[in-house]
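Top to bottom, those sequences are chains A and B.
Take the first sequence: its position 19, counted from the start at 1, is 102 in this note's numbering, and no numbers get skipped.
Take the second sequence: its position 49, counted from the start at 1, is 1487 in this note's numbering, and no numbers get skipped.
It is worth saying that the hints were derived from the structure and are not from the lab.
Mixed in with the good hints, there may be bad ones.
As a list, the in silico DSS-like pairs of lysine-lysine whose alpha-carbon atoms are at most 25 Å apart [to be verified]:
1. A:K528 / B:K1529
2. B:K1529 / A:K103
3. A:K103 / B:K1530
4. A:K313 / A:K411
5. A:K528 / A:K411
6. B:K1529 / A:K494
Each pair of labels, with its calculated beta carbon distance range [said to hold, decoys possible]:
7. A:E404 / B:I1445: 55 to 63 Å
8. B:L1452 / A:V239: 46 to 54 Å
9. B:I1445 / A:E449: 34 to 42 Å
10. B:Y1448 / A:T137: 30 to 38 Å
11. B:Y1448 / A:K519: 52 to 60 Å
12. B:L1452 / A:R501: 34 to 42 Å
13. A:V154 / B:L1452: 35 to 43 Å
14. A:S369 / B:R1463: 43 to 51 Å
15. A:T408 / B:Y1448: 55 to 63 Å
16. A:I143 / B:L1452: 31 to 39 Å
17. A:R383 / B:R1463: 32 to 40 Å
C-beta atoms are modelled at their ideal positions from N, C-alpha and C, and glycine is treated no differently.
Each chain is listed here by its residues.
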Amino acid sequence: MTALSYFYIVSAILFILGLKGLSSPKYARRGMFLAELGMLMAIIGTLFHHEIVTFQWIIIGLVVGSIFGGVMGLWIPMTAVPQRTALSHSMGALAATLVGISEYVRHGASLTKVKMTTIGLEVVIGALTFTGSLMAAGKLQGLLPGAPITYRGQNVSNIALLSSTIAILIYLMFDPAASTLFFLMVGLALLFGFLLVIPIGAADMPVVIALLNSYAGLADASMGFVLMNKIQIITGSLDGTSGFLLSLLMCRAMNRSAVNVLFGAFGKMQVEEAGPAVDARGTVRSITPEEMSVLFESARSVIVVPGYGMAVAQAQYGVSELANTLIKRGIQVRYAIHPVAGRMPGHMNVLLAEANVPYDQLYEMEQINPYFAEADLALVVGANDVTNPAAKNNRSSPLYGMPILEVERAKAIIVMKRSMRPGFAGVDNELYYNPKCMMLFGDAKESLNRLFGVLKS
Amino acid sequence: MTTELEIGLYIFMLAGFLGYHVISRVPPLLHTPLMSATNAISGISLIGSLVVAGADYSRLSTILGFIAVVCSASNVVGGFLITDRMLKMFKKGQGRA
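Work out the full structure, taking the sequences as your base and the hints as a guide.
The following block contains the structure:
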């Protein structure tokens, strides 16, 4: 065992401690410091690796990569974190693919069955994660249309594509010298990743990002198997498990089955969801900011329900300011965070934390639901489907079974919304016809400004 | 080779179980930082890339290794920076539960 192996063992311990730190916001930064230290040790140790003979490209690569990563890490707005995450999945996957190709080119025909299989898995998983994540990043950034693109026979052709990729991999195990086939396999995997994400709409992204996170982890782990780098097997496995766990959580929160997601067929659901007839009807009551301020006067506890619409309108600062004003008046303010309120797991918490909302005011769905009944006022800002009572009591609704925030149990409800347009699922929200519910139409940011004007006078 | 693979598979499996237990204890509050942290950590692919870029196996290998170094380094640096930026923002309120 060389000294380097000991370095790696210590790094692995520090990585695990780093992730463990994330179990509480108190210790999270300290934990991340340990992980950073572990990374530094591993990198410096590797620079003494006996096979490294020239440092020219290593230094240029490290500098270019650090500048690129540093610029993104330091200046990207918090709303753009999902696309940065997707982009980094794609870069990690690209690195694994390229190293796999390099190993194949280097050893070619002399590869054993086992080695060929690991290289094959590395480049296939890497390549499909690379294009898939690029597509996801493009959709999140708005460079590509966010709407799902579906066509006839999509699933059949995708499955055919994946099976031919696997068939080539199996053939290569017996004939590793067939380099044309190897590159054809890489090409097919690239195409597959691209086609996999095409049918997925922007609002489904929390599941997709988490799943691609898991794939990126697997690509990383398979690279560890190819180079027999044990620390990389560990980090890849941790990353893969983390992504998989998060995607299961997201699935549950969005009412999708795990099988449905694993086979990438989730785009189909939307086509079916768009249709169903609206059965919730009644009168919708609207309210003005002036009338709303009166409601706050008699309220003692308020629950804010933020959705991605709030972030789109950049209204989180206004909401946070409103909450502070209310708290100063002795009103209790809590935020109810649905797991999919945002574009990636936990995104809404970050957006609110950025707007200076203390994290002890943020409540998870299971924690807050019992408190809606005693809340004097529920203020829904830019959330829709996650508040629809149809998910609990209407079996024919496509939302049926989805866990929701039980806003309808609050004593009074105010919904800030642009218009009566249905949410992502294309279903009318029964909540808006509830006699306790009042709608404040218009841009959330402007409405909040008007409300401040009234509250101050 | 077979024993190496066997050891690798054991490591993979055990790390997976460990990951399951460590990560299920991360509250949803920190799921976004968790994702960028695992991103940064999996930038450990940098160590493999460094060897490929610096070992002078062939011109192609050096080029592929170089690109891999750029990608992994950017994940490490960007991942840790943005994780820290996010974690810095999470503040506790003034004693209000």
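Broken hints, numbered, in rising order?
-> 4, 6, 8, 12
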